[in-house]
Amino acid sequence: MIAQPTVDEIVAHARRDHPDEACGVVAGRVGSDRPERFVPMRNAARSPTFYEFDSIDLLKLYREMDELDQEPVVVYHSHTATEAYPSRTDVSYASEPGAHYVLVSTREPDTVEFRSYRIVEGIVTEEEVRVVAVLDPEETS
Amino acid sequence: MAIEVRIPTILRTYTGGEKVVAGEGATLAELLSELDSRHAGLRERIVDEKGLRRFVNVYVNDEDVRFMGGLETALKDGDTVTVLPAVAGG
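For the record, the sequence lines run as chains B and E.
Residue numbers 93 to 233, in the numbering used here, belong to the letters of the first sequence in order.
Residue numbers 930 to 1019, in the numbering used here, belong to the letters of the second sequence in order.
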């Protein structure tokens, strides 16, 4: 489940960086499965066929998430000429078994594909994306 | 001499779920061997026969060791070594 404004921000980032791939995360409290904080990252590869978070930015991101007790709930990137499905490279690099891997395709200028997957030990499982206006308030126990 | 080593989620199976472990070594290579004696298999996820694995980033304090001395990067008491898988794909 993801909020419409977050979807819009991801898509806008992907469009802005087209024809290069765009990438980033949406962080949320550890264990909450709530994508709340949109964090666009620089694609250090600046490539239409590859993305990689800049290594120093990656360190800063994980430190910041640690301090805030957050984790990457969503890891997103765009494909700029192919469908929004994880490539072999995406699968081999995927190292957050708890994350939702969101793929956006910007190959069509007028329509956008926005799909989500789990990638665990090389196995890709597509999941339904539920877009809501706002996330429900977090349940507190 | 104690060095704090921060372990990413995906490698915590080797550290009994611990996010931070302590290690020793004058260089990164020594530290990884020392850690492997207590956390068997961890080293192999970080290095292969050619050196640091392409898709794993290792930092000493605020620097990526690729821009320092790689596996020969010198360590001192109180340093923090952070291991993070690259977030990358095609």
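Just so you know, the hints here were simulated from the structure itself, not pulled from any lab data.
Beta carbons: idealized from backbone N, C-alpha and C, even for Gly.
Treat each hint with caution, since some may be false.
[Claimed, not checked] Residues from chain B shown here face chain E by an in silico Cβ test under 10 Å; the list is partial: (1) 93; (2) 97; (3) 130; (4) 142; (5) 145; (6) 148; (7) 150; (8) 156; (9) 225; (10) 227; (11) 231.
[Unchecked claim] Output of the computed footprint for chain E on chain B, the stretches with three or more beta carbons under 8 Å from beta carbons of chain E: (12) 105-111; (13) 119-128.
[Claimed, not checked] Result set (DSS-like, lysine-lysine): computed pairs, CA atoms no more than 27 Å apart in a straight line: (14) E:948 x B:152; (15) E:1005 x E:948; (16) B:152 x E:1005.
Quick rundown of the hints versus the structure:
1. Violation of the interface hint for residue 93 (chain B) is found here, the shortest Cβ-Cβ separation to chain E being roughly 22 Å, above the 10 Å cut-off.
2. Given hint, residue 97 (chain B) at the interface with chain E, is violated; its Cβ is 23 Å from that chain's nearest Cβ, farther than 10 Å.
3. For residue 130 (chain B), the interface hint is violated, since its Cβ never comes within 10 Å of a Cβ in chain E; the closest pair sits about 15 Å apart.
4. The restraint placing residue 142 (chain B) at the interface with chain E holds, with a minimum CB-CB distance near 5 Å, inside the 10 Å limit.
5. Among the interface hints, the one on residue 145 (chain B) holds; its C-beta lies about 4 Å from the nearest C-beta in chain E, closer than the 10 Å criterion.
6. Taking 10 Å as the C-beta contact cut-off toward chain E, the hint placing residue 148 (chain B) at the interface holds, the least distance being around 6 Å.
7. The beta carbon of residue 150 (chain B) is positioned within 10 Å of a beta carbon in chain E (closest approach about 6 Å), and the interface hint is therefore held.
8. Hint on residue 156 (chain B) is violated. Least Cβ distance to chain E is approximately 13 Å, over the 10 Å limit.
9. The criterion of a C-beta within 10 Å of any C-beta in chain E is not met by residue 225 (chain B), whose closest approach is roughly 29 Å, and the hint is violated.
10. At a threshold of 10 Å, the smallest CB-CB gap from residue 227 (chain B) to chain E is about 23 Å, leaving the interface hint violated.
11. Annotation: interface hint on residue 231 (chain B) violated; nearest CB of chain E at approximately 24 Å, more than 10 Å.
12. For the segment 105-111 of chain B, the stated coverage by chain E is not satisfied: 0 residues place a CB nearer than 8 Å to a CB of that chain, which falls below the threshold of 3.
13. Remark: the segment 119-128 of chain B is not confirmed as covered by chain E, as 0 of its residues place a Cβ nearer than 8 Å to a Cβ of that chain, below the required three.
14. Straight-line distance between C-alpha atoms of residue 948 (chain E) and residue 152 (chain B) comes to about 17 Å, which keeps the hinted pair within the 27 Å bound.
15. Between the alpha carbons of residue 1005 (chain E) and residue 948 (chain E) the distance comes to roughly 21 Å, so the proposed pair stays at or under 27 Å and holds.
16. At most 27 Å may separate the alpha-carbon atoms for a hinted pair to count; residue 152 (chain B) and residue 1005 (chain E) meet this at roughly 22 Å.
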